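Here's the letter readout for the chains.
Number of protein chains: 2
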Amino acid sequence: MKRIAILGSTGSIGRSTLSVVESYPDRFQIATLAAGHNSDLAFEQAVRWRPRILSVAKEQDAAALRAKLRSAGLTDVEVLDGAAGTVRVATHPEVDFVVSAIVGVSGLEATYEAVRAGKTVGLANKECLVVAGELITAEARRQGKPLLPIDSEHNAVHQCLRGGRMAEVERVWLTASGGPFLNTPKSEFASITVQQALNHPTWKMGRRITIDSATLMNKGFEVIEACRLFDIPPDRVQVIVHPQSTIHSMVEFVDGSLLAQISVTDMRLPILYALTYPDRVPSDLRFSVRDLRHLDFSPPDMAKFPCLGLAYEAASIGGAKTIALNAADEVAVAAFLDEQIGFEDIPRVIEEVMAATPAGHLESIQKVLSLDREARLLASEFVQRSRHKGSPIRAILQ
Amino acid sequence: MKRIAILGSTGSIGRSTLSVVESYPDRFQIATLAAGHNSDLAFEQAVRWRPRILSVAKEQDAAALRAKLRSAGLTDVEVLDGAAGTVRVATHPEVDFVVSAIVGVSGLEATYEAVRAGKTVGLANKECLVVAGELITAEARRQGKPLLPIDSEHNAVHQCLRGGRMAEVERVWLTASGGPFLNTPKSEFASITVQQALNHPTWKMGRRITIDSATLMNKGFEVIEACRLFDIPPDRVQVIVHPQSTIHSMVEFVDGSLLAQISVTDMRLPILYALTYPDRVPSDLRFSVRDLRHLDFSPPDMAKFPCLGLAYEAASIGGAKTIALNAADEVAVAAFLDEQIGFEDIPRVIEEVMAATPAGHLESIQKVLSLDREARLLASEFVQRSRHKGSPIRAILQ
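Going down the list, the sequences are from chains A and B.
This note's numbering applies: residue 1 is where the first sequence begins, and numbers increase by one.
This note's numbering applies: residue 1001 is where the second sequence begins, and numbers increase by one.
Read the hints as simulated data drawn from the structure, not as lab findings.
Careful, some of the hints might be misleading.
What the simulated footprint calls covered on chain B by chain A, stretch by stretch (three residues with Cβ under 8 Å from a Cβ of chain A suffice, anywhere in the stretch; the number is not a length) [claimed, not checked]:
#1 1152-1165
#2 1205-1215
#3 1237-1248
A few chain B positions that, by computed beta-carbon distances, are all more than 12 Å from chain A [what the hints assert, rightly or not]:
#4 1052
#5 1170
#6 1256
#7 1272
#8 1282
Here are the simulated SDA-like pairs of lysine to any residue, each with C-alpha atoms no more than 25 Å apart in a straight line [as the list claims (entries may be wrong)]:
#9 B:1186 / A:162
#10 A:304 / B:1290
#11 B:1304 / A:276
#12 A:304 / A:243
#13 B:1304 / A:291
#14 B:1002 / A:167
#15 B:1186 / A:290
#16 B:1002 / B:1169
#17 B:1304 / B:1318
#18 A:2 / B:1290
#19 A:2 / B:1166
#20 B:1304 / A:288
#21 A:145 / B:1165
#22 B:1186 / B:1238
#23 B:1002 / A:166
#24 B:1002 / A:169
#25 A:2 / A:27
#26 B:1002 / A:254
#27 A:186 / B:1294
#28 A:145 / B:1168
#29 A:186 / B:1027
#30 A:2 / B:1167
#31 B:1186 / A:291
#32 A:304 / B:1294
#33 A:2 / B:1146
#34 B:1367 / B:1165
#35 A:2 / A:276
#36 A:68 / A:96
#37 B:1002 / A:293
#38 B:1145 / A:162
#39 A:304 / B:1082
#40 A:186 / B:1293
Just so it is clear, the structure is predicted and the values come from calculations on it, not from any experiment.
By construction, the Cβ of each residue, glycine as well, lies at the ideal position given by its N, Cα and C atoms.
Given these sequences and hints, build the entire structure.
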């Protein structure tokens, strides 16, 4: 019986994880849960799963939940809040496996503490590896525990890597759907609307990651994640556009063989894989090979999607540069969603913030969080100046 | 240093194996060679590789070679002939690894003896597994030695299987190019010429295997091979048509994940994989992922290609039925190549021979060879009766 903590239980990955746990009651049980701002769902989850600890974001939500759970007769659920509560959820002694699925840097500290506490961690949170990959992977190696990727691409790579030893890997090939603007001419990029950018062809996801998919920054983040997770340099992590997202990623070995992973586009599959690794257990998440017809591939257009190049640059330098990349992207995407800047301004803001951020080594999670705050302030400044002048940001930045 | 015996050194796989051995002089050396009727090439290979034993098919060729090698000053190469010579090549005490690449049942005995002698065997000969798979795999299990497949599909499966345990495999998916008649309407099958059937779209191969590819019997043999090699029932070995032959085969796991193997269509790659397993070594046999554009798939048309259904039937019953299938196919294909029977007569001859062959268990290689002779005689009779009457074989068989 594997005892599971979920960081981000009310989010999309959190709910999918609970669905997987529900399907395998003999294998998994919920030990602790960390939710966010959705108190109603957090209450339902506490009633259904009876965690040792339930943590939520805000103190007043915790107080209300405490009362509500007491009224419902659930006196054995300890209700906590804030960053400290999430860390308690992640490091509880009865937890074997931590699913890290809080979006953004707010999941970082708890994830790092889970690794430090010797837990096996399944990573659905991108930021952990993008901004603090060096720290987290070093700690996991020290603990001798695997970091299991829970996103379709890195999970696919993890599966393909079983076909050989790490020293026998030539390249990792991440597939990219190409996003909604794969076939849009670059000349039309300046006039891309929020509505158009939110219309992702393959995956239904949150708003930021959908925009990140449209700019290919999401793929750029995945390049950085792959570098950190599999300890390989950026020039050996390549991107290939594959609109059907049927092949989730590939590994090329030194002998010239490639292994590719194929499955349905359902996050429960990588979650199940991570939770059961090194075993595989039967599921009803079947991919119908009989219905396979056409798979298309093309190289990514680096000129149309400058975010991908910026990510490679950040991956090469590492440290503070990846923090700047992520923070600037989050701020720029929020400004785009808020119609403060245009689609083509997103990479411009990021490029400037990266240029203004000195390269620096990361010695602690606190340093990561402080660099992250600085980069956000810088990005907000660029965005504000652009917005107040009401002119294209390029004119300001130049 | 791995010491290698090649059974069938002058054939296509044999020559590719020597090319691989030549590329890795620090890893491999040639211990013994068994050639066929090409004495000139056998002589060249003996001079180049200085094997302990060189065996050829015919006694007079052996005598001539012995004299020629003595004149050339090569007195340390023992020249043998016939089946006994091939067995000596396969079982020589200085041999670690045997590449079994003699086409047809004549490679059977030596391959079986190699397994019995505790050698690791790389199998490029289809017949070994099709007609005597039960015997050979049982012996390999007894010896605790792997049987490593050297054909692109089973080699691909072998690689994909590394992604899980055998008990976690749901299905094996063999890809089929579909042959030259993939898009030919069934109504035109009766008038297919030898010339048309020899025109394979993807692989350059021998004449029989090219016709077997056109009828999909080759894929049927591969289904049987997969059943024997990986010890799974025929209903869990499926065929999917994939004209580009880029994905060489796939394994579907119980959790719903599939792994697929991709590489160039060059037999040196599966040879290298088998010779170096469980390691992978760098090669220049690169597949260019950047140039990947379209991959197409479709289910096989069982009505157009009845040979595939016959192979599934033989695979299910096993024993004498797979011997009948292989022997009848070899005779029927030879008759087709000789323009004695039509393209659609090939499955008819096989079906009749299979029907006339009682199911029987295989207790020894001698039994296999005797059943093989009987099935060939039976098949020849059907072909002869068809030829003499000068009428479609269907009329005779009914």
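- Task: Count residues of the segment 1152-1165 of chain B with a Cβ under 8 Å from any Cβ of chain A, then say if the count reaches three.
- Result: holds (count 6)
- Does residue 1272 of chain B sit more than 12 Å from chain A, CB to CB? Non-interface label fails for residue 1272 of chain B: nearest chain A Cβ at 6 Å, not farther than 12 Å.
- Task: Would you mind confirming whether the straight-line C-alpha gap from residue 1002 of chain B to residue 254 of chain A stays at or under 25 Å?
- Result: OK: residue 1002 of chain B and residue 254 of chain A at ~20 Å, within 25 Å.
- Item | 25 Å limit on alpha-carbon distance, applied to hinted pair residue 2 of chain A and residue 276 of chain A | Holds, at about 9 Å.
- Message: At 12 Å, judged by beta carbons, does residue 1282 of chain B keep clear of chain A as stated?
- Response: The claim is violated: residue 1282 of chain B sits with its nearest Cβ about 4 Å from chain A, within 12 Å.
- Query: Does residue 293 of chain A lie within 25 Å of residue 1002 of chain B when you go C-alpha to C-alpha?
  - Reply: The hint is violated at about 43 Å.
- Message: With the threshold set at 25 Å, check whether the alpha-carbon distance from residue 186 of chain A to residue 1294 of chain B stays at or below it.
- Response: Judged against 25 Å, a Cα distance of about 24 Å means the pair holds.
- Task: Decide if the proposed pair is consistent with the structure: residue 1145 of chain B and residue 162 of chain A, CA atoms, cutoff 25 Å inclusive.
- Result: 21 Å, holds
- Item | Proposed proximity, residue 291 of chain A with residue 1304 of chain B (alpha carbon, max 25 Å) | Distance ~19 Å between residue 1304 of chain B and residue 291 of chain A Cα, so the pair holds.
- Pair hint residue 1186 of chain B and residue 291 of chain A, alpha-carbon separation not exceeding 25 Å: 22 Å, holds
- Does residue 1367 of chain B pair with residue 1165 of chain B here, judged by a C-alpha cut-off of 25 Å? Not satisfied, since the Cα-Cα distance of roughly 34 Å exceeds 25 Å.
- Item | Straight-line alpha-carbon gap residue 1304 of chain B to residue 276 of chain A, limit 25 Å | 43 Å, violated
Going down the numbered hints, you'll see the structure goes against 2, 5, 6, 7, 8, 9, 11, 16, 18, 29, 33, 34, 36, 37, 39, while the others check out.
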